[in-house]
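My request is simple: use the sequences and hints to build the entire structure.
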Amino acid sequence: MSLILYNTLMRRKEPFTPADPARVTMYVCGNTVYSYAHIGNARPPVVFDVLHRLLKARYGQVAYARNITDVDDKINAAAKAQKVPITAITDKFARIYREDMAALGVLPPTSEPHATGHIREIVAMIEGLIASGHAYAAEGHVLFNVPAFAAYGQLSGRNRDDMVAGARVEVAPYKKDPADFVLWKPSTLDLPGWDSPWGRGRPGWHIECSAMIEAHLGQTIDIHGGGNDLIFPHHENEIAQSVCAHGGAPLARYWMHNGFLTMDKEKMSKSLGNVLLVNEILKTAPAEAVRWALLSAHYRQPLDWSDDLITQAKRTLDRLYLALDQIKGLSAANTQAPAAVIAALDDDLNTPIAMAEIANVARMLNSATTDADKARLKGELLAAGAMLGVLQQDPAVWLKGTSSTTDVNASEVEQLIAARNAARKARDFKEADRIRDQIAALGVVIEDRADGTHWRKAG
RNA sequence: GGCCGAGUGGUAGAGUGGUCAUGCAGCGGACUGCAAAUCCGCGUACGUCGGUUCGAUUCCGGCCUCGGCCUCCA
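My numbering applies: residue -12 is where the first sequence begins, and numbers increase by one.
No lab work stands behind these hints: they were computed from the structure. Careful, some of the hints might be misleading.
Here are the computed lysine to aspartate or glutamate pairs in the EDC-like style, where the Cα-Cα straight-line distance is at most 20 Å [unchecked claim]:
1. Lys387 - Glu401
2. Lys79 - Glu267
3. Lys315 - Asp435
Label pairs and their calculated CB-CB ranges [said to hold, decoys possible]:
4. Val158 - Ile340: 41 to 51 Å
5. Ala6 - Asp360: 37 to 47 Å
6. Gly446 - Pro237: 45 to 55 Å
7. Asn266 - Leu94: 11 to 21 Å
8. Ala405 - Asp295: 31 to 41 Å
9. Pro184 - Asn146: 25 to 35 Å
10. Arg302 - Gly186: 54 to 64 Å
11. Lys252 - Ile340: 18 to 28 Å
Quick caveat, the model's predicted, so the values are computed rather than measured. Virtual Cβ for every residue (Gly too), placed ideally from N, Cα, C.
Right under this line is the structure:
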């Protein structure tokens, strides 16, 4: 079986073959760190984390870069408003971003380049573009001259005339062509800036990714990912810059774009204000349920976020962890994830089917009668979970929940269980049921299993 | 206006030219002192109008509705 990925550039699924199987390269556009990440911002890191895991399983080491944009006008505005240096903003929110992603089970990328750490590379790339006639300096700016790149528009499927006709922004007077975009812009003294051949200034939005991809991964990478809204203009412009800077070498062989998270069917975005912050959600819901919810729809489809979605995810995970909890004493066989799960992920990361297959394994595990079968299925369940980045915690921790809202007093619960069992032994079922109601009132569900009474937090 | 994408059962959400998604919720059965959990079973789903076909939710065309990009945006 081979990995198949939908390539935005070709508008179809294609078998994935790395240029160099010994070093698969992937770049994903990360966050601009001017405030908290919202749950929509978390979709690409989580989705591409699954791809990261799949590629690692198949090829071993993967060179995976996910950038942090730490120079941007929104950051400048935030710093100005709060009267603090830029780095106070970017350091803080970069740290929170990393913490949020770690909580969601996202493995660290192999590198996390910062724009401000690559000013030299950015300037060098711009100089090259000017030298080759693809860019020009004007009034302290440097602009990429779109007509100088004939293939412009290939990724987004639009031609220059469309864009000029649809342009809703005023065309700056120093532009040679309305579609030209900024590579470098001047900074006044109150703004962050770096010395350059064109005066003190700062990079434009797109050039950082081109420069950092070259610095960390090379001229042509295997996979470039990001959200749907980056196709145009961000990725289109990255292509223009990199291809022209590299004598025509393609920037990425496979382009992947995730669909949006919506709220009431409308795109979640900071400009609309309909955002739920990852940081806030994690205070009220288990991180793993949030991750499960994010993966519950295929990555290219829209996903409508709601409380109910998390509740359903949590219940589903309860069931899976319950299956593991039943056999916690039995060590798992050292097996690979079931072929059906791998096959689902190999088909353009079909996580919903992978989840259905995981449910299948859980059902078989619950029905298994021999220890050998149980150990094998437990191993399969854990290995499948590892592919999705779930099911790796101690079932007891998940079920008794120390992480989320209502914390349960374990000793109180256990005392009540002991009292109930005493009543049951005396066949005083009325009293036993009364105590169970009391336990339920604490938000705890109990189960009388063959090996004694177990409890967990109610869903 | 240009370019994309989507409309599936109570709900989330895959998929397919002709018996199966799957989870959650619901109902029935087994099990249990009763529950819970688990297992087994159940529910006449595919926006609309045409076309192709022996047969379409699936292919083609029209229409309706919704969303995204074209401006910062994951």
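Going through the hints against the structure:
no.	hint	result
1	Lys387 - Glu401	holds (12 Å)
2	Lys79 - Glu267	holds (16 Å)
3	Lys315 - Asp435	holds (16 Å)
4	Val158 - Ile340: 41 to 51 Å	holds (47 Å)
5	Ala6 - Asp360: 37 to 47 Å	holds (42 Å)
6	Gly446 - Pro237: 45 to 55 Å	holds (49 Å)
7	Asn266 - Leu94: 11 to 21 Å	holds (20 Å)
8	Ala405 - Asp295: 31 to 41 Å	holds (36 Å)
9	Pro184 - Asn146: 25 to 35 Å	holds (33 Å)
10	Arg302 - Gly186: 54 to 64 Å	holds (59 Å)
11	Lys252 - Ile340: 18 to 28 Å	holds (24 Å)
Hint compliance for this structure: no hint is broken.
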